[in-house]
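Protein chains: 2
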Amino acid sequence: MESFTQEQMDTLTAFTAPDRFSAGQSNRELHTHDISPHSGKLPAGIIWPVSTEEVAKILVWTYENNIPVTPWGAGTSTEGNPLPMRGGLVMDMTRMDKILEIRPGDLQADVQPGVLRKELNRQTGQYGLFFPVDPGADATVGGMIANNASGVQTVRYGGTKEYVMQMTVVLPDGKVIRTGCKARKSSSGYDLTRLFVGSEGTLGVVTEATLRLTGIPEYHLATTITFETLEAASEAVAILIGSGLEPAALELLSVGLIRLMNAEKGLGLPENPSLFCEFHGVSEAALMETADLAKELCTDCGATGFRFGITDNDRAELWRARHEAWETIHRAHPGKETLIVDAAIPISRYPEMVIFSQNLVEEKGVPGYVFGHAGDGNLHVVLAGDPDTPGEWATLEEINHRIVEQAIALDGTCTGEHGIGIGKRKFMALEHGESYELMRKIKDVIDPRGLMNPDKIFM
Amino acid sequence: MESFTQEQMDTLTAFTAPDRFSAGQSNRELHTHDISPHSGKLPAGIIWPVSTEEVAKILVWTYENNIPVTPWGAGTSTEGNPLPMRGGLVMDMTRMDKILEIRPGDLQADVQPGVLRKELNRQTGQYGLFFPVDPGADATVGGMIANNASGVQTVRYGGTKEYVMQMTVVLPDGKVIRTGCKARKSSSGYDLTRLFVGSEGTLGVVTEATLRLTGIPEYHLATTITFETLEAASEAVAILIGSGLEPAALELLSVGLIRLMNAEKGLGLPENPSLFCEFHGVSEAALMETADLAKELCTDCGATGFRFGITDNDRAELWRARHEAWETIHRAHPGKETLIVDAAIPISRYPEMVIFSQNLVEEKGVPGYVFGHAGDGNLHVVLAGDPDTPGEWATLEEINHRIVEQAIALDGTCTGEHGIGIGKRKFMALEHGESYELMRKIKDVIDPRGLMNPDKIFM
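Chains G and U, in that order, give the protein sequences. Heads up, the first sequence is in the UniProt record's numbering, so the first residue is 1 and it goes up one at a time. Heads up, the second sequence is in the UniProt record's numbering, so the first residue is 1 and it goes up one at a time.
Just so you know, these hints were derived from the structure itself, not from any lab. All of these numbers come straight from a predicted model, not from anything done at the bench. Where hints are given, some of them may not hold.
[To be verified] Below, in silico cross-link-like pairs of lysine-lysine (DSBU-like), each with a Cα-Cα straight-line distance of 30 Å or less: (1) G:K441 / G:K426; (2) U:K443 / G:K175; (3) U:K426 / G:K426; (4) G:K175 / G:K98; (5) U:K441 / U:K175; (6) U:K426 / G:K441; (7) U:K426 / G:K175; (8) U:K265 / U:K336; (9) G:K441 / U:K336; (10) U:K441 / G:K443; (11) U:K295 / U:K265; (12) G:K57 / G:K441; (13) G:K175 / U:K265; (14) U:K426 / U:K443; (15) U:K57 / U:K336; (16) G:K336 / G:K295; (17) G:K441 / U:K443; (18) U:K336 / G:K426; (19) U:K57 / G:K443; (20) G:K57 / U:K441; (21) G:K443 / U:K443; (22) G:K443 / U:K265.
Start from the sequences and build out the full structure, keeping to the hints where you can.
Pasting the structure below:
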């Protein structure tokens, strides 16, 4: 659906306000790209609702008029998750950005979906609390819910799914439901909250969420650990996790990536396969005990350098550099696009997965950087190439394909945290078998007209 | 459906083995009662499958023949959750009790659903690992999954939902699916695993599950804390949790219950409203630090007694007594049945909920004991009465009803951990509103003939 009639535009404007509906070309174009190489189809218009009631009114109307609707957050997704594939209406949630209430006694916050993660943490930080899911990008909470986002601290704190307690959701036909409750636990019927978390806007629009918060750790200790080989580094990961040490972050970086980071940011890191590791705890003494044990385990795995006592400044710089890894790689390959592999496997299989991926990249001779949220078995490989040079891009796709196949063969998943969006749909049948059909049935019963974020998750 | 024909019995026997199907009266009667006052309808027969393949064969046949099927675990449920309400076939899962593999490096175990919780922990304990969900009863893992069971350690470790990674499920028509994966995290489509966890056998039969395990804590410290009033004790709960101290258990006990426990077990506990509290940690020093802080916070709330340095023996005895609270109450009221209230609310509302419940019990003048997994906002009230004396039982029902209504008004839930089963169905519309209809739609699409554990969750 490519354009609205004047009458339709008047209706949409009446649902909201003159400055909250646009059929202008630049706004429409802005909503056809996230940070992935995918692109959407030009939507007919963009609407910026500010309340559940407005969202409900809009969806009643789009349902009646058979108009596709694609919810939009910060646009920081990496698999084309919020791109309108059939035109229609893009529902930009960024003006529903209120923190409705922080309830420190309950360790909870009620928020609208357009709240940015960093702003949320600024506000909750006043109470010594934080929302610990950190995907790097300053995503909206709604986008994080849609994608079940996770990141560097998920190894200790869990992903978005573990932090959503209650949601207000507007269903594709405009009906408003509330899922879950605000009690810490419940056994009351089907867990609709966790059905909607990770559904990428294909089942409805989240307009309010109650998030669980947790205490900001009093002490943290960052370490960098270097190894002679990537194999040794990844084996240390499996051993550290298996030992139950519970790091708050455990990142693997291959030497190629470290070199780029040093070159761009002058970090002066040893140019060896490395782990960035952080521990959180109740006292410095407890942290030092943990770090000593980690050092011992890593030394047994052949670690050659172990640096702790990193200052707060250096620590912040280190994590900033890690968070910007993708941008750094991008900048190092001007004119190229990147394809991000995002597989996850059980931790004992992490070393073989890392080596498999590294060897594959070397064998294919393309620019490729192996790293990842190693502690929770999440492996990223960023590959750089030109989408307009078919052979070149096909090689990248082949590498992605083979890594995903290997991850699934090892009881893992085709996406640890980026979601299915457009790019991973081709792996769904392989990963889920008959379960994929069951997902489709659930989609069809909730969205019988197939209007919500169409052509995502499903082919 | 009250009985099978000889041909049907021959078929069911052929699916399994002569000693694994029974239409004998005593076996059928054994499967009409769990530990609740509810009773089921006499099933036509019981079958004990030993493999996914057998379960699939049986369900293909029951589906074709329109025969209701009710899965059965250890029978330790408290809301009639596994009672056959339309006769038919009871599928007793207790012979699928193998631990298939413990993978300590992955912190995971693959199990069949009939494995008992305590046996699982005996086996995983050899690797320093445990499955930390502790509902007290020695339930089967399958029953715990069906109910999303939780218990005394959920305040720190979470409930069953947080520990199930992958499942093999046989759908009502006999189709076998696998949900989830064995990676620590995934964003790959709809979370079917968490849709099935807590669905009480109404969507299919779980025949295999991969469970996450966690390290057995090296140090633990148990404390009992006494207060002059129940109000002060419950306020201390809210303060302890809000402070982020992360107890591994935090139980509230009213004086009436403490008296019964002392009388039956000679525990010699001070007969005051009390908290049983436990901390887990990496060193004794860290634990003492935490306990000191807890003492300070409790003293500010008016605690009058604080006992730590409890020996391992006393600790075990204390928790055993707490786990047996329901049996103790039962034995103290011979000839009576018990009705167990199981509400949960956000922690800041815990004090008012406790006082509301205590006052209601006193006002109605029935035997009633207020206690609960206070740390996660879970409140139990055990009420004793005679189901055959209509006025007496109606008073118990009224108390339950009013406490649940209050919990829902406080953004809580009608069941923190016992599930809906038969007894809580009447609260579902009140708690979930339009979401209840969505649950029904999902039930209908997965079980269109309504054969799986009929008349549970839904009216």
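Open item on the list: Check the structure against each numbered hint from earlier and tell me which ones fail, lowest number first.
Closed with: 3, 9, 13, 15, 16, 18 and 22
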